[in-house]
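Please build the complete structure, drawing on both the sequences and the hints.
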Amino acid sequence: GRRVLVTGGTGLIGSRLAERLALEEKAQVRVLVHTWSKAAWVSRADVELVQGDIRDPAAMAAALQGCDVVFHCAGARGAWPLCHATNVEGTRAVLEAAARGNSLRVVHLSSSAVHGPILSEGADETAPLMRSGTPYADTKIESEELVRRFSASHGLQATIVRPTFVWGPCSPSFTLMPIRQMQLGRWFLVDGGRGTCNAVYIDHLVDALLLAGEREAALGEAFLVTDDYGITWGEFFEHYRRMLNAEPLPSVRSESPVARALRPPIRAIDRLLGPSARVPEYEPAPLLVRGARSGLMRLRAHLTRHAPFSDWDLAQYSKQGRLNIAKARALLGYEPRLSLDEAMQATEAWLRDQHLL
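Quick note on our numbering: the sequence shown kicks off at 383 and runs consecutively.
It is possible that some hints are incorrect.
Claimed, not checked - Distance windows between CB atoms, simulated:
{"no.": "1", "residue 1": "Q702", "residue 2": "H621", "range": "14 to 22 Å"}
{"no.": "2", "residue 1": "E629", "residue 2": "A444", "range": "52 to 60 Å"}
{"no.": "3", "residue 1": "S721", "residue 2": "I500", "range": "21 to 29 Å"}
{"no.": "4", "residue 1": "E527", "residue 2": "Q702", "range": "53 to 61 Å"}
{"no.": "5", "residue 1": "S425", "residue 2": "Q447", "range": "18 to 26 Å"}
{"no.": "6", "residue 1": "D428", "residue 2": "I500", "range": "41 to 49 Å"}
{"no.": "7", "residue 1": "R531", "residue 2": "R635", "range": "20 to 28 Å"}
{"no.": "8", "residue 1": "G612", "residue 2": "I651", "range": "31 to 39 Å"}
{"no.": "9", "residue 1": "I651", "residue 2": "Q433", "range": "33 to 41 Å"}
Said to hold, decoys possible - Taking lysine to aspartate or glutamate pairs in the EDC-like style, the calculated list, with each CA pair at most 20 Å apart, reads:
{"no.": "10", "residue 1": "K408", "residue 2": "E430"}
{"no.": "11", "residue 1": "K709", "residue 2": "E503"}
{"no.": "12", "residue 1": "K709", "residue 2": "E596"}
{"no.": "13", "residue 1": "K709", "residue 2": "E603"}
{"no.": "14", "residue 1": "K408", "residue 2": "D585"}
{"no.": "15", "residue 1": "K709", "residue 2": "D610"}
{"no.": "16", "residue 1": "K709", "residue 2": "E430"}
{"no.": "17", "residue 1": "K408", "residue 2": "E596"}
{"no.": "18", "residue 1": "K709", "residue 2": "E507"}
{"no.": "19", "residue 1": "K420", "residue 2": "E430"}
{"no.": "20", "residue 1": "K709", "residue 2": "E598"}
Just so you know, the hints here were simulated from the structure itself, not pulled from any lab data. Note that beta-carbon positions come from the ideal geometry of N, C-alpha and C, so glycine has one too.
Shown next, in the form of structure tokens:
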């Protein structure tokens with residue numbers, strides 16, 4: 383089988399990809415691990431775990447030794463310093479090491495966020511890349527620019543995959559968090575759930591990544607990947623509500639004056655609580671900082687009861703328009719193989735197996 387490196391292999395997408403590469407493709411899989419405590423799930427698979435920092439060119443060169451393809455799935459959300467270090471400098475280190483390799487193929491995991499939170503009906507990969515001022519999305523644009531630059535200057539064989547909202551077993555943002563918030567009575571629909579749900583089930587995304595690593599037609603291209611179910615967020619979250627036998631979900635307006643007024647202070651608190659926040663290095667600091675952080679977190683919790691979604695979330699949950707994945711179908715041969723009901727049944731079975739329902 384092929385010799386493959388997966389970066390970000392302890393995360394949702396990388397771990398499932400590594401598992402399926404080993405099980406189904408019989409590939410020799412090497413997984414780059416930054417934090418051992420996060421490697422429990424992927425360590426169940428028949429893969430080689432190697433420790434290294436994605437930003438370290440020497441570590442990347444060693445990890446890529448002897449590999450035919452690298453699936454670059456490492457990424458970070460949060461404050462600017464963290465996103466830039468991982469999404470930009472980490473990608474640069476991967477590309478530099480790959481450029482020195484012999485005919486090494488790169489599949490770069492990007493995000494539909496590079497197009498901004500609002501895409502019109504029928505939008506595809508030709509939609510402009512839009513800097514929105516958010517650390518994750520803007521650094522993903524920078525990472526894509528690096529991929530294109532290295533492809534042009536070093537002849538790198540690269541493909542970019544832009545998933546939307548990844549849901550299913552193990553998904554923190556679009557399965558575990560909504561389920562938990564519904565259990566607590568804190569989940570809301572936006573505008574009655576009328577926005578278009580352009581999500582992608584985890585195994586459908588992995589299908590697309592595997593195809594991107596094999597098909598010659600994929601080289602030099604970028605692909606949007608969704609389930610293409612043509613459903614609303616209301617229909618999507620109704621499946622979760624039924625799993626829980628919960629009350630009908632309340633709704634918030636995307637243009638609520640109260641929510642709009644509260645979002646700036648919430649953003650300010652997020653900046654103070656983020657990874658870039660500095661802690662003074664003198665003795666009373668730990669106690670003072672813990673107290674201040676605790677107070678800010680309580681204030682944030684109070685504010686978010688009235689403004690439960692960020693500007694970005696409100697835009698993505700309220701926008702209407704089905705994305706066009708014709709390019710992935712034509713060039714990759716990608717086709718979502720599970721119906722919504724089948725994917726939801728698999729997700730529910732996993733949630734029950736994990737005693738989360």
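#### Entry: Ascending list of hint numbers which this structure does not respect
4, 7, 16
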